[in-house]
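Asks: Chains Y and X supply the protein sequences, listed in that same order.
The first sequence runs contiguously to residue 210 in my numbering.
The second sequence runs contiguously to residue 1703 in my numbering.
If you're looking for bench data, these hints aren't it; they were derived computationally from the structure.
Incorrect hints may have been included.
Said to hold, decoys possible - Interface residues of chain X toward chain Y, partial, derived using beta-carbon atoms under 8 Å:
(1) 1469
(2) 1472
(3) 1498
(4) 1501
(5) 1506
(6) 1507
(7) 1508
(8) 1539
(9) 1540
(10) 1608
(11) 1611
(12) 1615
Note that CB positions come from ideal geometry on N, CA and C, so glycine has one too.
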Amino acid sequence: MASSFTPMSLNPYSSFRSASNGEINSTKKIMIKMNMITPSSKDGTPLKAMKFKGTQMREKKLTEMIEQKVVEANQVCGEDETSDECKVAWDEVEEISQAKADLRLKLEKLHQDPLESFCQENPETDECRIYED
Amino acid sequence: MAVCTVYTVQSLNSTCSISKPTKTHLGFNQKQLVFFKKTTTRRTTTEITCSAGDTVVIGLAADSGCGKSTFMRRLTSVFGGAAEPPKGGNPDSNTLISDTTTVICLDDYHSLDRTGRKEKGVTALDPRANNFDLMYEQVKAIKSGVAVEKPIYNHVTGLIDPPELIKPPKIFVIEGLHPMYDARVRELLDFSIYLDISNEVKFAWKIQRDMAERGHSLESIKASIEARKPDFDAYIDPQKQYADAVIEVLPTQLIPDDNEGKVLRVRLIMKEGVKYFNPVYLFDEGSTISWIPCGRKLTCSYPGIKFSYGPETYFGHEV
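Work out the full structure, taking the sequences as your base and the hints as a guide.
Replies: What follows is the structure, encoded as structure tokens:
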């Protein structure tokens, strides 16, 4: 792996910025492999294993959905607490909360990006662009 | 029915040996035939393995999402191999596959997607949101060694995605809200477990899970649990009478007025008279035991441990 690493791209992030259309060239592929060791912040605490843009988008979407669905549920249940609509609204909140928790669990405890396997097969897709902080 | 996996195909010859049948802790036998072939120049091994046992089907009833719970991961690692999502498939698949085990999520058998359920006013807990006919057909097929194209329910989008191929494994676990609801599916289960989390513990766990979320507050978490409770009590809870093993997670009795939930009380209720299932016991099979290791010594760490074991009746069964 290290032998095909070109010297000018010692900074792992520099060549990502240069290919702004998301095209992954071979150097990037190597750097993706290098980044598989979970990066740590300066004080040694491990960062989340988020690697791909798709996962970041998903996390963001789930967070927004939770907020939105809680508001909806409060609204619907305000009208009639015993209605079916109220039950379903809170059930949706539960479903999304669990989905978000599962994603967090994968990233924080198992240090896996759920798109890992998919992106190995489909590195050119938008979802598989490398996530930059 | 025998399922054979051929690793290399060469002309068959010479010695064939039958390895000793192995007994797992659940007590079922799997016979394996291993063929060896000797060439003149050097010894090569051609391995053809035939499992003369059907796929074992285990049902797990749990309300904590699918296949991602710590319990399920530990269970699959006990059977052998680390469980992972299917490689290269739908990234939102709920399925886990290891060397020996495949775990599927019964949410994949939703007949109504999120929009559909909203329209009909039906929660995911309601049997009307699930296709038990398809569940039965596919579990039956897997059990008899036939691969199936199983739908995928995407928990992020709330839609039903194109199906994924599920090949019959040695151990097939169906996890979800209704593994024992339908009588036909129940008949297919070789073993069933119900994870019974008490209301207090459920509340404590959900607080831990959701409090960091921007959208949530103590009230919203509470409201969500309460709104789902009627359907849960009506459709999910009754399944525990059918389970071979019930794992109850309850608040501790060792710490008065505990509301942290860091120390828990766990009860394992095991049905007697189930084929191949020998309930585990403390010290002695026939006795009733109550044991506090280091009950009076001051050096023991608070709050200590208490074990007990004994026979009881549970929903009319001896356990």
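Asks: Please verify that hint: residue 1501/X, Cβ, nearest Cβ of chain Y, below 8 Å or not.
Replies: holds, 6 Å
Asks: Grab the minimum C-beta distance from residue 1472/X to chain Y and call the hint holds if it beats 8 Å, violated otherwise.
Replies: holds, 5 Å
Asks: Is the shortest C-beta separation between residue 1507/X and chain Y less than 8 Å?
Replies: Check passed: Cβ of residue 1507/X comes within 4 Å of chain Y, closer than 8 Å.
Asks: Using the nearest Cβ pair, does residue 1469/X come within less than 8 Å of chain Y?
Replies: Check passed: Cβ of residue 1469/X comes within 7 Å of chain Y, closer than 8 Å.
Asks: Hold the hint about residue 1611/X up to the distance rule: shortest CB distance to chain Y must be less than 8 Å.
Replies: holds, 4 Å
Asks: Identify whether the interface hint at residue 1539/X stands, where standing means a beta carbon of chain Y within less than 8 Å of its own.
Replies: holds, 4 Å
Asks: Can you verify the interface hint for residue 1540/X: is its Cβ closer than 8 Å to any Cβ in chain Y?
Replies: holds, 6 Å
Asks: Against chain Y, run the beta carbon of residue 1506/X and see if the smallest gap drops under 8 Å.
Replies: Nearest chain Y Cβ about 7 Å off; hint holds.
Asks: A closest beta-carbon separation below 8 Å is what the hint needs, so does residue 1615/X meet it against chain Y?
Replies: Cβ of residue 1615/X sits 7 Å from chain Y, so the hint holds.
Asks: Should the interface hint for residue 1508/X be scored as holding, given a Cβ-Cβ cut-off of 8 Å against chain Y?
Replies: holds, 6 Å
Asks: Taking 8 Å as the limit, does the beta-carbon of residue 1498/X come near enough to a beta-carbon in chain Y?
Replies: Since chain Y brings a Cβ to about 7 Å from residue 1498/X, closer than 8 Å, the hint holds.
Asks: Does residue 1608/X pass the interface check with chain Y, least Cβ-Cβ distance below 8 Å?
Replies: holds, 4 Å
Taken one by one, the earlier hints all hold for this structure without exception.
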